[in-house]
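Visitor: Protein chains in written order, with the working numbering: chain A, 1 to 245; chain B, 1001 to 1607; chain C, 2001 to 2211.
Careful, some of the hints might be misleading.
Said to hold, decoys possible - Derived SDA-like pairs (lysine to any residue); straight-line CA-CA distance at most 25 Å:
no.	chain 1	residue 1	chain 2	residue 2
1	A	Lys234	A	Val141
2	A	Lys189	A	Glu144
3	A	Lys189	B	Ala1132
4	C	Lys2099	A	Asp84
Hints were generated in silico from the structure; no laboratory data involved.
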Amino acid sequence: MIERELTFRIMRYNPDEPEKKPHLQEFHLTEEPGMSLFVVLNKLREEQDPTLRFDFVCRASICGSCGMLVNGRPTLACKTLTKDLPDVTTLLPLPVFKLLGDLSVDTGVWFRDMSFRTESWVHTDETFDPDAPEKRMDNAVALEIYEAERCIECGCCIGGCATANIKPDFIGAAGVNRVARFMVDPRDKRTEREYFEVVGNEDGVFGCIGLMACDDNCPVGVPLRDQLAYVRRKMASAGWRYQKV
Amino acid sequence: MSRYDSFVTDVLVIGAGLAGERAAVEAATQGLNVILLSLVPPRRSHSSAAQGGMQAALGNSAMGKGDSPDVHFADTVKGSDWGCDQDVARLFVETAPIAVREMAHWGVPWTRVTKDEHVYDGKVIHEDPANAGLITARNFGGTAKWRTCYTSDGAGHTLLYTLDSMVLRLGITVHDRVEALSLIHDSERCYGAVARCLRTGELRVYTAKTTVIATGGYGRLYGASTNAIINEGSGLSLALDTGVVPLGNMEAVQFHPTGLVPSWILITEGARGDGGYLLDKNLHRFMPDYEPAKKELASRDVVSRRIMQHIRAGYGVESPYGDHVWLDIRHLGAEHINTNLREIATICKNFRGIDPVKDLIPVRPTQHYGMGGVRTNIDGQAYGLKNLFALGEAACWDLHGFNRLGGNSLAETVVAGKIIGEQIAKFTAEASLDVKSSLVEEHLQRQMDRVTRLRESRDGTEYVYDLRREMEQILSHHVGIFRSEDSLQDAVNQLSDLHERAQRLGLRGGGHGGDPELDAALRLPGMIRVAYCIAKGALARKESRGSHFREDFPHRDDANWLNRTLAYWPEGADEPELRYEPVKITESPPGDRGYGEATRGPDSAKP
Amino acid sequence: MKLQKALSYSPRADFIVEVIQMVSGLLLVLFLWTHMLFVASILIGSNAFNSLSLFMEKNYLLPAAIVFLVLVGGAHIGAVIRRIPSRWAEQKIVWKHAKLIHHADTWSWLFQSVTGAAILALAIIHIAVVTYGGIDVIYSSGRIKHGFLVFYAVLLLLAEYHASVGLYRIFVKWGWVKRHKLHWVLGVISVLTVGIGATVLWIFFTMGVHA
Chain A
1 MIERELTFRI
11 MRYNPDEPEK
21 KPHLQEFHLT
31 EEPGMSLFVV
41 LNKLREEQDP
51 TLRFDFVCRA
61 SICGSCGMLV
71 NGRPTLACKT
81 LTKDLPDVTT
91 LLPLPVFKLL
101 GDLSVDTGVW
111 FRDMSFRTES
121 WVHTDETFDP
131 DAPEKRMDNA
141 VALEIYEAER
151 CIECGCCIGG
161 CATANIKPDF
171 IGAAGVNRVA
181 RFMVDPRDKR
191 TEREYFEVVG
201 NEDGVFGCIG
211 LMACDDNCPV
221 GVPLRDQLAY
231 VRRKMASAGW
241 RYQKV
Chain B
1001 MSRYDSFVTD
1011 VLVIGAGLAG
1021 ERAAVEAATQ
1031 GLNVILLSLV
1041 PPRRSHSSAA
1051 QGGMQAALGN
1061 SAMGKGDSPD
1071 VHFADTVKGS
1081 DWGCDQDVAR
1091 LFVETAPIAV
1101 REMAHWGVPW
1111 TRVTKDEHVY
1121 DGKVIHEDPA
1131 NAGLITARNF
1141 GGTAKWRTCY
1151 TSDGAGHTLL
1161 YTLDSMVLRL
1171 GITVHDRVEA
1181 LSLIHDSERC
1191 YGAVARCLRT
1201 GELRVYTAKT
1211 TVIATGGYGR
1221 LYGASTNAII
1231 NEGSGLSLAL
1241 DTGVVPLGNM
1251 EAVQFHPTGL
1261 VPSWILITEG
1271 ARGDGGYLLD
1281 KNLHRFMPDY
1291 EPAKKELASR
1301 DVVSRRIMQH
1311 IRAGYGVESP
1321 YGDHVWLDIR
1331 HLGAEHINTN
1341 LREIATICKN
1351 FRGIDPVKDL
1361 IPVRPTQHYG
1371 MGGVRTNIDG
1381 QAYGLKNLFA
1391 LGEAACWDLH
1401 GFNRLGGNSL
1411 AETVVAGKII
1421 GEQIAKFTAE
1431 ASLDVKSSLV
1441 EEHLQRQMDR
1451 VTRLRESRDG
1461 TEYVYDLRRE
1471 MEQILSHHVG
1481 IFRSEDSLQD
1491 AVNQLSDLHE
1501 RAQRLGLRGG
1511 GHGGDPELDA
1521 ALRLPGMIRV
1531 AYCIAKGALA
1541 RKESRGSHFR
1551 EDFPHRDDAN
1561 WLNRTLAYWP
1571 EGADEPELRY
1581 EPVKITESPP
1591 GDRGYGEATR
1601 GPDSAKP
Chain C
2001 MKLQKALSYS
2011 PRADFIVEVI
2021 QMVSGLLLVL
2031 FLWTHMLFVA
2041 SILIGSNAFN
2051 SLSLFMEKNY
2061 LLPAAIVFLV
2071 LVGGAHIGAV
2081 IRRIPSRWAE
2091 QKIVWKHAKL
2101 IHHADTWSWL
2111 FQSVTGAAIL
2121 ALAIIHIAVV
2131 TYGGIDVIYS
2141 SGRIKHGFLV
2151 FYAVLLLLAE
2161 YHASVGLYRI
2171 FVKWGWVKRH
2181 KLHWVLGVIS
2191 VLTVGIGATV
2201 LWIFFTMGVH
2211 A
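Next comes chain A alone, as it looks inside the complex:
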């Protein structure tokens, strides 16, 4: 195998030095077998520029830390192998989220805010009885909840969404999927009407214009289109029957 010389054009920006405009810096390194962007970026930091900022945690596509634009496409850097990349690759941080420096963005704050707005917890008045056996649940329902719960909050669906790029309050596919997770959960006692007030609007599911970049880019394959459509139909029926009090 002939070793490839890879070129990475990486966006550099330090919010502490706003006078320096964001710019692309070129790095070169030799490809190794089985190399991922996790390996590449750490090598660049350790061997070429120790100030290079980026985020990794699990490096196994579980934690959702390393979402970025790889040649324009929102994806997880840890699961991007160099063998699938051309000789020259451009790395940009995810749009929409606050830029912390270079490739590092503040997805955590965005998702926390979204979680608060969608009230992402099981709403119930029941109290836990430590002596009682657990409430039964059909395994199919458990699987359905898990299907939505699998979202790892990486933000690829948000960064790739045209609407989220221009509407700061849009909760995006991740937000709608989050609502779907609680809607299918029989433990959550919220009524359709209550859900409607949270997502039955332009910042929620009716803000989606159906471009489906979210569905095309989700790195863990959450069926976002199905979830968006499910919530849309539910909310349409809630909207239809909505009575003004």
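Chain A is already provided as a structure; the job is to place chains B and C on it using the hints.
Guide: Just chains B and C, lined up with the frame of chain A:
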């Protein structure tokens, strides 16, 4: 003293993984103010990576019938090679079922018992229809019953997301991208921590009635580890650096039998629990030769050792990344693999380009878990310093002794969180916060000085990443699965030298703002000290127990070593000081584990 | 909640606008297809075309169609206008975004807003011409011969593109069918519609030549 941000709270929890969040929820429920500090957004914590599940003796599934906390207790103590505190183990097994159900109440979509029959290892299993809809369990190593509750392939993920939803619901303050640098203390009592904002690089002070360390493991001290890159043992060095808080049993390091070669990403024990085989280079299933009873599902220390033993005997598959064995789950079928073991399929595809439905998975034992940690009593209170608690993997509670059972770590996080959280709440309700500002400023100043010296390279120009790699290699080469006197002595000597060099770090970049090189440089000396404790403890312990295996002392020695190592790092010292304390035996006297006898060779090797 | 929002609180407003957009869009697509079928009567012969147009004139279907278009088209424009980035800065963001992420469906949406605006202009001209000039084989073919061929070809393509992408978007959003199947079905319908339209145009064009 320059201006700095300062926060006051009742309870300061350092680390927002499962253990930290569970304790925070308990304290907040009881009306206390809590601040959670986290290196990363809480949902990115390494807890989310635990795919397998958590043990709790519910006994709902057909293969878990007859299970009880007593059986769970016996498995745990046996697994620990009688190195755990049995009063802790008892408390743990009794609480685990309640903790699981509580998590279900809060929203975890546990996989449930279904009426369908399924096939396991050639046998058809019929579930009791009366139990349909109750929380089911899967098989894990070292257990007498199927006891590991799970959510498809994402137990840790769903537990963490659910617990974090409780943190949201209770409105608990979370400061993410913040790293604690040192505990504020006067050698008697802990008053909080000096921390650094990883966004801006600014130092802050948190003062609290009670401080809690829940920072998880230290896997990243080893070069090859299944752990997330944030698992650098920062909480352990926080405690060690006080000079008065000991780390317990640091030499007890667990190697997971199946790390994916060569990215060392974990292939969950669920793969073997659900019926996967380990094969050698001749595609021979070798585990039954060594462990006729438990086969692939002996405890982790044993399976790891057997794999290495088999590789050493020349049966490993050669590869550029060292010899390995195969994990075979092909016979489980595409449907099972793509639902219950989907994460494995994804990992194999993404990180190795193979499909476990039709390909063999290359695996090798990889550093996975530290049984050791900040030594606490049964209430979670750290030894040596008042108003300081620790729990989860960061602590040595000591539930795991010298080997942790799969499924007991996830269980420990929420069970200990529940139990110790309550103790924290009780303790804090009585505590007051009277801290001298001079003490706070003294600790803050010390960290500010460190930052300045590093930025200006005043002490030297050693490069943090070079030293770090050396530390990783020392541990990987000398303090691995098979250990011996000379090699360990080598490790201790090299770490001593490395620790000295770590005092002369200097930055190559500017170190301004949230600079990653500065992050690493502030962390490294503490990491090396923790590594030193591991190596020195291993050198001193002249026996084999659980995961600590000495080739020169291959047997357990209860007469001399039925005790726990306590490693202190007295202020100003240049090496740790080891002391020992007895383990607490209340119910189960030391006996034979029934697996993993050191001398046993493979049956196939017999004439 | 802020006071100005509390005073004008209407939780269903966004939902209703969304429904208006969808229903008006569907009606316009239906209109387009019916229109194409009517026009296609020329394929049967000049007499068929002329009697159909006479029938429409007699029954006031022509003015009815114009009223329909003004109302439904107006509602559609009113509803979709909220989607179109109104500020220059937003426009810049979406175009940059589309260029960056290499995503076909994102481009199609940008084209949709452009074609929508173009259709509005062209359709007004078309309606004016038809109303003023009347519908008849001779008039129509004459118009097409003398300069309107390109105009109609462009309008046909734009309208069909816009309608087809719009339909696709509705089905995708509500989740009634699989995406790639939808691509295929709509592709076939578009080709058919454009094919019919092109044939009709060609017939009129050659008629115009012979006249």
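Visitor: Indicate, hint by hint, whether the structure satisfies it.
Guide: Each hint, compared with the structure:
1. Among the hinted pairs, A:Lys234 with A:Val141 is consistent with the structure: their alpha-carbon atoms are about 17 Å apart, no more than 25 Å.
2. With a C-alpha separation of about 17 Å, the suggested pairing of A:Lys189 with A:Glu144 holds against the 25 Å cut-off.
3. Only pairs whose Cα atoms come within 25 Å are accepted, and A:Lys189 paired with B:Ala1132 is accepted, the gap being roughly 23 Å.
4. For the hint linking C:Lys2099 to A:Asp84, the alpha-carbon distance of about 21 Å falls within 25 Å, and the restraint holds.
In terms of the numbered hints stated before, the structure departs from none.
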